[in-house]
Amino acid sequence: MSERDLNNTVTPNPKLAVDYCGIKMKNPIIAASGTFGNGPEYAGYLDLSNEVGAISVKGLTPKGRHGNPGTRIAETPSGVLNCIGLENPGAEHFVTDILPELKKYDVPLLANMSAGTIDEFAWMAETLSVDGIAGLEVNVSCPNVECEGMAFGIDPKVVEQVTKSVRKVTDKPVIVKLSPNVTDIVEIAKAVEAGGGDGVSLINTILGMAIDIHRRKPVLGNIYGGLSGPAVKPVALRMVHQVYKGVNIPIMGLGGIMTGTDAIEFMMAGAQAVQVGVATMVDPTAISRIAREMGDYVEQYNLNNITDIVGAVHQG
Amino acid sequence: MSERDLNNTVTPNPKLAVDYCGIKMKNPIIAASGTFGNGPEYAGYLDLSNEVGAISVKGLTPKGRHGNPGTRIAETPSGVLNCIGLENPGAEHFVTDILPELKKYDVPLLANMSAGTIDEFAWMAETLSVDGIAGLEVNVSCPNVECEGMAFGIDPKVVEQVTKSVRKVTDKPVIVKLSPNVTDIVEIAKAVEAGGGDGVSLINTILGMAIDIHRRKPVLGNIYGGLSGPAVKPVALRMVHQVYKGVNIPIMGLGGIMTGTDAIEFMMAGAQAVQVGVATMVDPTAISRIAREMGDYVEQYNLNNITDIVGAVHQG
Amino acid sequence: MSGYVEQGEVVRNEQIGSDVWIMDIHAPKQAAEAKVGQFCNVRVANSTAPLLRRPISYAGFDVQKGTITLLYRVVGKGTEIMTHLVPGDTLDCLGPLGEPFVTSNNMLLVGGGVGIAPMLCIASHLQNGEEAQVILGFRNESETFWADLFKDTPVEVHITTDDGSVGTKGFPTAIMPELINANTFTSVMTCGPTPMMKGVAQVAKELNVPCQVSLEERMGCGTGGCLGCACDGAGGKRYKVCKDGPVFPAEEVFF
Amino acid sequence: MSGYVEQGEVVRNEQIGSDVWIMDIHAPKQAAEAKVGQFCNVRVANSTAPLLRRPISYAGFDVQKGTITLLYRVVGKGTEIMTHLVPGDTLDCLGPLGEPFVTSNNMLLVGGGVGIAPMLCIASHLQNGEEAQVILGFRNESETFWADLFKDTPVEVHITTDDGSVGTKGFPTAIMPELINANTFTSVMTCGPTPMMKGVAQVAKELNVPCQVSLEERMGCGTGGCLGCACDGAGGKRYKVCKDGPVFPAEEVFF
Ligand SMILES: Cc1cc2nc3c(=O)[nH]c(=O)nc-3n(C[C@H](O)[C@H](O)[C@H](O)COP(=O)(O)OP(=O)(O)OC[C@H]3O[C@@H](n4cnc5c(N)ncnc54)[C@H](O)[C@@H]3O)c2cc1C
Ligand SMILES: Cc1cc2nc3c(=O)[nH]c(=O)nc-3n(C[C@H](O)[C@H](O)[C@H](O)COP(=O)(O)OP(=O)(O)OC[C@H]3O[C@@H](n4cnc5c(N)ncnc54)[C@H](O)[C@@H]3O)c2cc1C
Ligand SMILES: Cc1cc2nc3c(=O)[nH]c(=O)nc-3n(C[C@H](O)[C@H](O)[C@H](O)COP(=O)(O)O)c2cc1C
Ligand SMILES: Cc1cc2nc3c(=O)[nH]c(=O)nc-3n(C[C@H](O)[C@H](O)[C@H](O)COP(=O)(O)O)c2cc1C
Ligand code: FES
Ligand code: FES
Numbered sequence: 001m002s003e004r005d006l007n008n009t010v011t012p013n014p015k016l017a018v019d020y021c022g023i024k025m026k027n028p029i030i031a032a033s034g035t036f037g038n039g040p041e042y043a044g045y046l047d048l049s050n051e052v053g054a055i056s057v058k059g060l061t062p063k064g065r066h067g068n069p070g071t072r073i074a075e076t077p078s079g080v081l082n083c084i085g086l087e088n089p090g091a092e093h094f095v096t097d098i099l100p101e102l103k104k105y106d107v108p109l110l111a112n113m114s115a116g117t118i119d120e121f122a123w124m125a126e127t128l129s130v131d132g133i134a135g136l137e138v139n140v141s142c143p144n145v146e147c148e149g150m151a152f153g154i155d156p157k158v159v160e161q162v163t164k165s166v167r168k169v170t171d172k173p174v175i176v177k178l179s180p181n182v183t184d185i186v187e188i189a190k191a192v193e194a195g196g197g198d199g200v201s202l203i204n205t206i207l208g209m210a211i212d213i214h215r216r217k218p219v220l221g222n223i224y225g226g227l228s229g230p231a232v233k234p235v236a237l238r239m240v241h242q243v244y245k246g247v248n249i250p251i252m253g254l255g256g257i258m259t260g261t262d263a264i265e266f267m268m269a270g271a272q273a274v275q276v277g278v279a280t281m282v283d284p285t286a287i288s289r290i291a292r293e294m295g296d297y298v299e300q301y302n303l304n305n306i307t308d309i310v311g312a313v314h315q316g
Numbered sequence: 001m002s003e004r005d006l007n008n009t010v011t012p013n014p015k016l017a018v019d020y021c022g023i024k025m026k027n028p029i030i031a032a033s034g035t036f037g038n039g040p041e042y043a044g045y046l047d048l049s050n051e052v053g054a055i056s057v058k059g060l061t062p063k064g065r066h067g068n069p070g071t072r073i074a075e076t077p078s079g080v081l082n083c084i085g086l087e088n089p090g091a092e093h094f095v096t097d098i099l100p101e102l103k104k105y106d107v108p109l110l111a112n113m114s115a116g117t118i119d120e121f122a123w124m125a126e127t128l129s130v131d132g133i134a135g136l137e138v139n140v141s142c143p144n145v146e147c148e149g150m151a152f153g154i155d156p157k158v159v160e161q162v163t164k165s166v167r168k169v170t171d172k173p174v175i176v177k178l179s180p181n182v183t184d185i186v187e188i189a190k191a192v193e194a195g196g197g198d199g200v201s202l203i204n205t206i207l208g209m210a211i212d213i214h215r216r217k218p219v220l221g222n223i224y225g226g227l228s229g230p231a232v233k234p235v236a237l238r239m240v241h242q243v244y245k246g247v248n249i250p251i252m253g254l255g256g257i258m259t260g261t262d263a264i265e266f267m268m269a270g271a272q273a274v275q276v277g278v279a280t281m282v283d284p285t286a287i288s289r290i291a292r293e294m295g296d297y298v299e300q301y302n303l304n305n306i307t308d309i310v311g312a313v314h315q316g
Numbered sequence: 001m002s003g004y005v006e007q008g009e010v011v012r013n014e015q016i017g018s019d020v021w022i023m024d025i026h027a028p029k030q031a032a033e034a035k036v037g038q039f040c041n042v043r044v045a046n047s048t049a050p051l052l053r054r055p056i057s058y059a060g061f062d063v064q065k066g067t068i069t070l071l072y073r074v075v076g077k078g079t080e081i082m083t084h085l086v087p088g089d090t091l092d093c094l095g096p097l098g099e100p101f102v103t104s105n106n107m108l109l110v111g112g113g114v115g116i117a118p119m120l121c122i123a124s125h126l127q128n129g130e131e132a133q134v135i136l137g138f139r140n141e142s143e144t145f146w147a148d149l150f151k152d153t154p155v156e157v158h159i160t161t162d163d164g165s166v167g168t169k170g171f172p173t174a175i176m177p178e179l180i181n182a183n184t185f186t187s188v189m190t191c192g193p194t195p196m197m198k199g200v201a202q203v204a205k206e207l208n209v210p211c212q213v214s215l216e217e218r219m220g221c222g223t224g225g226c227l228g229c230a231c232d233g234a235g236g237k238r239y240k241v242c243k244d245g246p247v248f249p250a251e252e253v254f255f
Numbered sequence: 001m002s003g004y005v006e007q008g009e010v011v012r013n014e015q016i017g018s019d020v021w022i023m024d025i026h027a028p029k030q031a032a033e034a035k036v037g038q039f040c041n042v043r044v045a046n047s048t049a050p051l052l053r054r055p056i057s058y059a060g061f062d063v064q065k066g067t068i069t070l071l072y073r074v075v076g077k078g079t080e081i082m083t084h085l086v087p088g089d090t091l092d093c094l095g096p097l098g099e100p101f102v103t104s105n106n107m108l109l110v111g112g113g114v115g116i117a118p119m120l121c122i123a124s125h126l127q128n129g130e131e132a133q134v135i136l137g138f139r140n141e142s143e144t145f146w147a148d149l150f151k152d153t154p155v156e157v158h159i160t161t162d163d164g165s166v167g168t169k170g171f172p173t174a175i176m177p178e179l180i181n182a183n184t185f186t187s188v189m190t191c192g193p194t195p196m197m198k199g200v201a202q203v204a205k206e207l208n209v210p211c212q213v214s215l216e217e218r219m220g221c222g223t224g225g226c227l228g229c230a231c232d233g234a235g236g237k238r239y240k241v242c243k244d245g246p247v248f249p250a251e252e253v254f255f
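Residue numbers (full-length UniProt numbering), protein chains in the order written: chain A, 1 to 316; chain B, 1 to 316; chain C, 1 to 255; chain D, 1 to 255.
Excised from the complex, chain A in its bound form (with noise of 0.2 Å):
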């Protein structure tokens, strides 16, 4: 449906412009991994060359995987449960068969990983900087094989040994996808910026569940399933609050982002750009929805950039 193709239709706001790590985005909105497919799923929809900021590809693992059996996606007030159990066709597919077709447009891409062992990290890492990856987006929140299934995320010195192995075997920037299931989240950050990371994004998911009282059974196929959507917004506002007072790594800040609003709350606690993962899911609009909100926002207290306002909460 050539009629439907927006791509190169949409003239990017120059004042949402910004650089994160590097990385040159036309606004600082990233489509949060597997919640965007790995972004052709929106080209109707939206420009992905001049509307979306960056893609986070569904999540990638050594192996392709089936994900998770039964039901995988429960609704719960103002969030989302799921355990889709990162279904991918792996890193190798990913790069020969799936990258080549992404190339075409003019958006940078993350490569989401994940692994089972600090090694499979390491070999992500270097299977997918490849040429078409901006930047590489380590999600932490997967279980360490090695550590009795136990995610890889809750401990700070095996969050700084992951870093430093993907830092060692990449030039890509390095971007520490953290999990929010943790009693220090700053302690995590600073872990990443000990081991090399270009930076972190916040929050991964939160880990929930819901029951079926007349089945008497957890709704989820695999009893616990991540939260996210707004439910969990004033969490993650919280935890990117206080990371920004800890580290010196830019941010980027996710959770519960619907809305221009809820975007720039995540600026100004502190976030270089955000990511919108739940709000595709409910409108497959709302990535360049949300822009141009923030540049409504930019246009009404003449900021020269959107970048203007990012900690200025913490300031005064």
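No lab work stands behind these hints, which were simulated from the structure alone. Some hints here could point you the wrong way.
Unchecked claim - Distance condition first, Cα-Cα at most 30 Å in a straight line; then the derived BS3-like pairs of lysine-lysine: (1) C:Lys65 / B:Lys103; (2) A:Lys63 / D:Lys237; (3) D:Lys205 / A:Lys217; (4) D:Lys243 / A:Lys104; (5) B:Lys15 / A:Lys217; (6) C:Lys237 / B:Lys103.
Here the structure is a predicted model, which is why all the values come from computation and not from measurement.
Here the structure of chain A is known, so what remains is to put chains B, C and D with the ligands in place on it, guided by the hints.
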């Protein structure tokens, strides 16, 4: 307005009666601390003696407190942030001036208590172990003044010490109310068990924040606040489910319960009783409505008692 | 004193100013018991978002018809949702809540913005032997609908506007001394932006007329249970705006 | 292929059974492009609760009027909210989504419960040279409104009920062999509870008629972005019900 005094007008449903650590409640619903005044505020809305399982009084501290200045309440998607700051008249004032008034209702009272040091916790427990108090609910989400203001509730060793110190000085059931702002809630619950606690209640609020993008300031006077309400229900439910597997002491489940269905979800996840907070803020009659809805479920499935479903989701 | 949770039926919902609406709701228990200065707490949607109730003062009540009247300004999501209600729709209203104004035989009412609503309520419900005059403060002539609301009441209306396009230019305090000197007011009642109320209370104090103010505060419950609305009172007292107020003697809360 | 986000205007919203409603919505882009078997994803409230869209199959569409028709059963909060919409209200509809049925010259349609909706859609939109018969499976005579929906279509209707109160007692599969033997169907299309569809596909396979099934799965986005609706396909393939389906050749998903 005597015609509005609802007390002793309702016959409780015997199939909802529960015994929690020896505390006999006419239904499994406890009014959560800080959301129900000390009870009498709601005597015109529901029959405190027959429609409310128990009341956890507004959090008490050794000395009276004015709480936090500035805005203390903010609405978030399906949630509420609060930073009341434990405003209360102090434990001694409570015992001498408030408790006598509360005794005219035939409803068990939990003394919800916080303190700044382990010794103060013990002092609080002694002070509040008086006639008319059915149990102590030990709130460990408050800052530990001996430990850089870190919340007591995030360190299992400290939680065990607090529990022990309270246990030593009281014969009342000791229920420790857990903070969800931790990596591993089970470890904390186990610390309560090890310290001789009779039960755990969870969850207290999740740390969050909200920002006013026009004022470029946090909405709350205290910057951060505690998130509760339906938004947090999936997280609370998951934690109850985890703790049920990890300890043998009974659980009070709470966090976002608005309906009988929600309450039943918590009991199926493993809670012996539930607490209701924000729902009362939205509807002052919420507890009686939720109890009725639980009664309907008992009828529908022809249960002997609501406690038949405790932990049901763990079976098979 | 407790309120009632009533599933009120919307009888009228009309826009009267650029962002101000008036709503009549059939809520007979509240209509029968409400007093001037009290408020009701409305649940704008049967949803968890918006979650909390919105406090709105009674702008009037009619025991015969069993209706209450609300005057509301659209400022956010909750009040926006209220504008979509049409006659026949249900609106969950909790009230009457809070402490009312203690009326007296000759009152000077001073309202600013939507703070005019409770002043209208007093003006519409004068008891035998009570009389009143009202000063309305608003931005400019586009807001004269506020004054029109008083047409059916027996009170004399004085207007001040920020730009002088109607009435006297300035704030209500500008004309208070003159009015107070020319009359024998036994009390001043005020509701509006805090700086305005502080000014009004100050002038009243200087001229020795007892003043009552109606405070606005973020509320959690509106029923005294959450301490979300606490404020400091004179002499180290602690008040709950929803329960001990919203109406307070000025000297109890401005000190 | 992408859908359109349309702020549709509700034209009709009527209850036709104890818990089943029919809604016409002015959504001209979808009306123009929709194909039988596709669905639209409706956002029932401009709120974050309910948050996700609800997938509903097209039960019909009218290019001239620019309307789409939905037939929906009230099962939870989202569908309950839909019942409150009145003509003139706006409903955010995203569609057309998914892969349609591939029609053929002589079709046996088999629908159970609300799975009848897409069968009605096929029956109402037969192309030149296409004919069809339909088997409707429902509980009892209280549900004959399902059959009434087919009155304006040219298809012959066969009924089975669980209790035999109307039509043949039993499931649709009970009368399939007889009908297939007496006709020359070139395809079977089915939508309804999974056990029913599996039975239908089995009978069709035994009698050598190609069968297409319309799957139902919990969806996150409906647009292929979240993998919430994934299912296994024959030969280790992975499908997304929202994008590769909801309509599949039976042998691709039941194996
Ligand atoms: C005792 C009392 C009486 C009031 N009477 C009236 C009246 O008669 N007419 C009228 O138009 N307004 C009145 N208000 C203000 C009214 O409550 C707010 O305008 C309204 O709650 C805004 O809701 P929203 O969802 O549209 O705004 P949002 O900004 O989206 O609301 C977000 C949250 O903040 C709260 N909030 C926002 N503004 C205020 C405010 N000014 N005061 C208290 N809470 C606020 C809301 O209740 C909600 O919890 C009164 C407030 C109080 C405390
Ligand atoms: C492709 C497709 C076409 C459909 N066509 C129709 C139709 O034409 N008519 C009709 O009445 N129903 C149809 N359904 C089912 C319909 O989507 C659900 O009944 C509806 O989503 C229930 O929403 P609720 O809020 O009322 O229920 P709730 O149970 O409160 O919903 C909670 C969550 O579960 C999801 N959900 C609940 N039941 C189902 C279900 N059966 N299938 C998928 N998701 C579900 C909801 O979308 C929501 O996310 C279709 C489903 C799919 C996948
Ligand atoms: C369906 C779904 C799939 C997701 N898959 C991934 C993934 O593969 N990798 C990842 O790092 N995060 C994944 N996430 C988390 C999101 O990228 C994001 O961190 C989270 O949803 C919070 O943002 P939001 O509230 O805007 O959705 C997924 C989330 C959802 C809802
Ligand atoms: C306004 C407010 C005040 C609270 N005060 C206390 C308190 O004093 N002590 C305490 O242990 N918890 C306090 N809490 C937490 C609640 O008791 C409860 O743990 C939390 O709100 C989650 O339950 P809910 O979602 O049902 O409200 C307070 C919560 C709110 C909203
Ligand atoms: S708003 Fe809850 S005590 Fe006043
Ligand atoms: S529902 Fe999201 S991919 Fe199908």
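- Which hints from the list above does the structure break, by number from lowest to highest? 1, 3
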